[in-house]
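Participant: Build out the structure end to end from the sequences listed, making use of the hints.
2 protein chains.
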Amino acid sequence: MKNILIIGCGLLGSSLVRGISKKKIAKKIFIFEKSKSNISKIKKLKLPGIITKSLENGVINSDLIIFCTPMSEYKKLILKINNFISPKKLITDIGSSKIESSKIIAKFLKKGIHWTRSHPITGSEVSGPEHGKYNMFEGKWCVLIKDKNTNSKHLKLINSFWKKLGSKTVIMNSEKHDKIFSITSHLPHLVAYNLVKSAQDFEKILKINLIKYSAGGLRDFSRIAASNEIMWRDIFFDNKTHIIKAIDLFIKNLRFFKKDIKNKKNKSILKKLSKTKRVRKQIIKLKQDIDKPDFGRN
Amino acid sequence: MKNILIIGCGLLGSSLVRGISKKKIAKKIFIFEKSKSNISKIKKLKLPGIITKSLENGVINSDLIIFCTPMSEYKKLILKINNFISPKKLITDIGSSKIESSKIIAKFLKKGIHWTRSHPITGSEVSGPEHGKYNMFEGKWCVLIKDKNTNSKHLKLINSFWKKLGSKTVIMNSEKHDKIFSITSHLPHLVAYNLVKSAQDFEKILKINLIKYSAGGLRDFSRIAASNEIMWRDIFFDNKTHIIKAIDLFIKNLRFFKKDIKNKKNKSILKKLSKTKRVRKQIIKLKQDIDKPDFGRN
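Residue numbers (the working numbering), protein chains in the order written: chain E, 20 to 317; chain A, 20 to 317.
What the hints contain is simulated information worked out from the structure, not anything from laboratory work.
Each statement offered as a hint is correct.
Below, in silico cross-link-like pairs of lysine-lysine (DSS-like), each with a Cα-Cα straight-line distance of 27 Å or less: (1) 21/A to 46/A; (2) 231/E to 290/A; (3) 264/E to 226/A; (4) 271/A to 281/E; (5) 60/E to 296/A; (6) 226/A to 187/E; (7) 94/E to 277/A; (8) 304/E to 231/A; (9) 165/A to 223/E; (10) 21/A to 107/A; (11) 95/A to 284/E; (12) 195/E to 278/A; (13) 187/A to 311/E; (14) 311/E to 42/A; (15) 53/E to 290/A; (16) 271/A to 277/E; (17) 99/E to 62/E; (18) 231/E to 187/A; (19) 60/A to 300/E; (20) 195/E to 226/A.
For the chain A half of the interface with chain E, some residues (derived, Cβ under 8 Å), not all of them: (21) 144; (22) 198; (23) 220; (24) 244; (25) 245; (26) 291; (27) 312.
Idealized CB from N, CA, C, for every residue including glycine.
Facilitator: Structure, rendered in structure tokens:
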């Protein structure tokens, strides 16, 4: 791979720029970024990429194009690149849900052009190029999508790209991907947002400053609920079918919990509270989180 | 204060032993602990306290008695100490909810004896004396309860005790306490347990190993859902009135969220997702959490 174009240079885009440069994966890295504020940050940070104001130049001069914008930007960008894209170019993205956005891509991308979809399982509650890290993808899962129309040759090359960055890769179809992440990522974010929203509502109802006492649990949720709102709106809308199923099961289970509490069902509640405990151990064993109590933050 | 008795020497009890010793708050620290496994850990750790097998000796020889057991143990212990307790003794606890447990205390504790209630806002998902820390209470809130029957003199002395440990103290009644913590602590724990339970259910339904992909959000919740099940059962049962109200508002808000997602209500959802963001900033400003992205864990 000679040159790579990063479209959208926020947290993950800038991490790609840093990682690709550090691992010497490309000769040149081009950056296409529409936000003036981000451009001035990128310049200040002296990120190892060439800022291009022309999307056409970026695309023409690159072998791999990576979309790192919110998913709601894809359509507009696709309609532009259709004018100068060629079938040899590798295209991928880092979007967190796949079924609906794949429909947009299939509908608007010029026929004969292949877009291979990726989803690196990483990120943070902070946004912007100043928070990016060269090792953002190291040791993390990257899911690659193989659907009916996926080009096998491109898939192989994109897979090797993520491996060079240090990611562990796994291949699955859009359906399976969207189901899994509706549970392990989208529902947790929704629940965190909803919990913080409910705390805000209670603050108004009770007329008490609650937030100052958030060290007892709420603070953990506030981190996730501080994530980028555009990105998360796009994910919620894009994966709505599976997210709605997840919400329904969550509410059903919460109702059972409420009943157990109301009727002081000792055995039933202890079973739940001890069974969920095991998941933490599993997560630590699978190296999906650090093994220090309290995330090691104190 | 000369001597202090710690009843129940787990995570917080052992942290008190360490903190009291480090700050030289007492001459002698007595430990009453019923679990053999904990006793052998305490000996191995060489905690700076005297293990007493006789609750009577511990009580008689101490000026301050601190209950650090799950709240469901209070009644049994009260019936025992009633035989040798005297009105001059200071008694407190670290229980996380207050209204119902205060009723137990009022009902069973010998007349004329004062129990002043405390709630230090600290802890962790891990249990046992091996995880205690001398600075567990430093810079943390400790809520002291002032109800109709609270003895002002004792309250003052207990207040000064927590301040010596480095806590910031605040006084409120049981009602206000239980309302606040139903939102900032009890509901978050319940929601975390419920989210992990729902993920486990989905794993069965979908027959897919989800947990390995938990870095996208679920892992944060799994920490809280690994908390001590006995302690949390007690809290859920004890503060059930307020927790049920909190669950109801939470479900109501989640339903609105679902509707917004279903109907792609752009403005409404963006408003929610950006408003909740502010809470994180508030929490960090109030020093209720560290200011590093991702809890500084990577």
